[in-house]
Amino acid sequence: MTTVFTSLLAGLVFGLGLIVSGMANPAKVLGFLDLAGAWDPSLAFVMAGAIAVAAFAFALASQRTVSFLGAAMKVPGSRDIDRRLVIGSVLFGIGWGVAGFCPGPGLVALGMGEIKALVFVGAMLLGMGIFELIERRKQESPLRAA
Amino acid sequence: MTNAITIAWTEFTPWSALSGGVLIGLAAAMFVLLNGRIAGISGVIGGLFKPAAGDVAWRAAFVVGLVGAPLTYGLFAALPLPRIDASFGALIGAGLLVGVGTRYGSGCTSGHGVCGLARLSPRSLVATAAFMGAGFATVFVTRHVFGI
Chain A
1 MTTVFTSLLA
11 GLVFGLGLIV
21 SGMANPAKVL
31 GFLDLAGAWD
41 PSLAFVMAGA
51 IAVAAFAFAL
61 ASQRTVSFLG
71 AAMKVPGSRD
81 IDRRLVIGSV
91 LFGIGWGVAG
101 FCPGPGLVAL
111 GMGEIKALVF
121 VGAMLLGMGI
131 FELIERRKQE
141 SPLRAA
Chain B
147 MTNAITIAWT
157 EFTPWSALSG
167 GVLIGLAAAM
177 FVLLNGRIAG
187 ISGVIGGLFK
197 PAAGDVAWRA
207 AFVVGLVGAP
217 LTYGLFAALP
227 LPRIDASFGA
237 LIGAGLLVGV
247 GTRYGSGCTS
257 GHGVCGLARL
267 SPRSLVATAA
277 FMGAGFATVF
287 VTRHVFGI
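Line by line, the protein sequences are chains A and B.
No gaps in the numbering here: position 48 of the first sequence is 48 in this note's numbering, and each next residue is one more.
No gaps in the numbering here: position 11 of the second sequence is 157 in this note's numbering, and each next residue is one more.
There's no promise every hint is true.
[To be verified] Which bits of chain B does chain A cover? Going by a derived footprint, with three or more residues having C-beta under 8 Å, they are: (1) 167-176; (2) 197-203; (3) 225-237; (4) 285-294.
These are calculated hints, taken from the structure and not from any lab test.
By construction, the Cβ of each residue, glycine as well, lies at the ideal position given by its N, Cα and C atoms.
Make a model of the complete structure from these sequences and hints.
The following block contains the structure:
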């Protein structure tokens, strides 16, 4: 139960960070992605601030087998740099560049009552559902896809 | 085409960007140290599509926190409104690409871009370079080739 509350709090602080940083605004994100126009470097500063703080936490977490609340550490151990990783990330980047939304800011803008954010989030959830269906079909198929 | 980058000084907000970034970092720190998990938003949501016992409530709570952030912010200050220029059609296409792409690539800006880079994961560095590169290329094509 405690971890549900801390999860809510983490989501809330994350969302506040997105609002404060301006990243819940797609126009600002696109200003960063537009290198050839008038470039707004703000997003790089958001990442620098976030990474600087998170790096300490991950260094500390890497030395522990359970969290401070006794939860199992579920930090991904995969080191494979494969086609899935690159192709998936490129597809994501194209979508990000089209709308200026990634998942977090989409949800925060939805919380601002933006109808366009609702459309984006709806399509994103549909995309995730499609991915899930494809993965399930692959697992059920006796012939594994290459 | 000129090679020099022109900085939009009127748009550039280094201090609010840094302080918002610190908040995002604190959220990621809290999440790994207390819940033992990566604050990767596409992964948190994606897990809801294959619900397992004891695995749904914390995911839903994280999403509620994100969606509830504007309401909370609005209690203390005037909420800055987003500007969403993309058409409804573009938003649907973008949403589908973001949904499929983040799941296929195992992460988004938060999971790979913030958490992955913070823990020096080579996998996340490659993913971040891939989605940023694709994002830069896409905006170049839409704005400067097609002039949308």
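Results for each hint:
no.: 1; hint: 167-176; verdict: holds (count 10)
no.: 2; hint: 197-203; verdict: violated (count 1)
no.: 3; hint: 225-237; verdict: holds (count 11)
no.: 4; hint: 285-294; verdict: holds (count 5)
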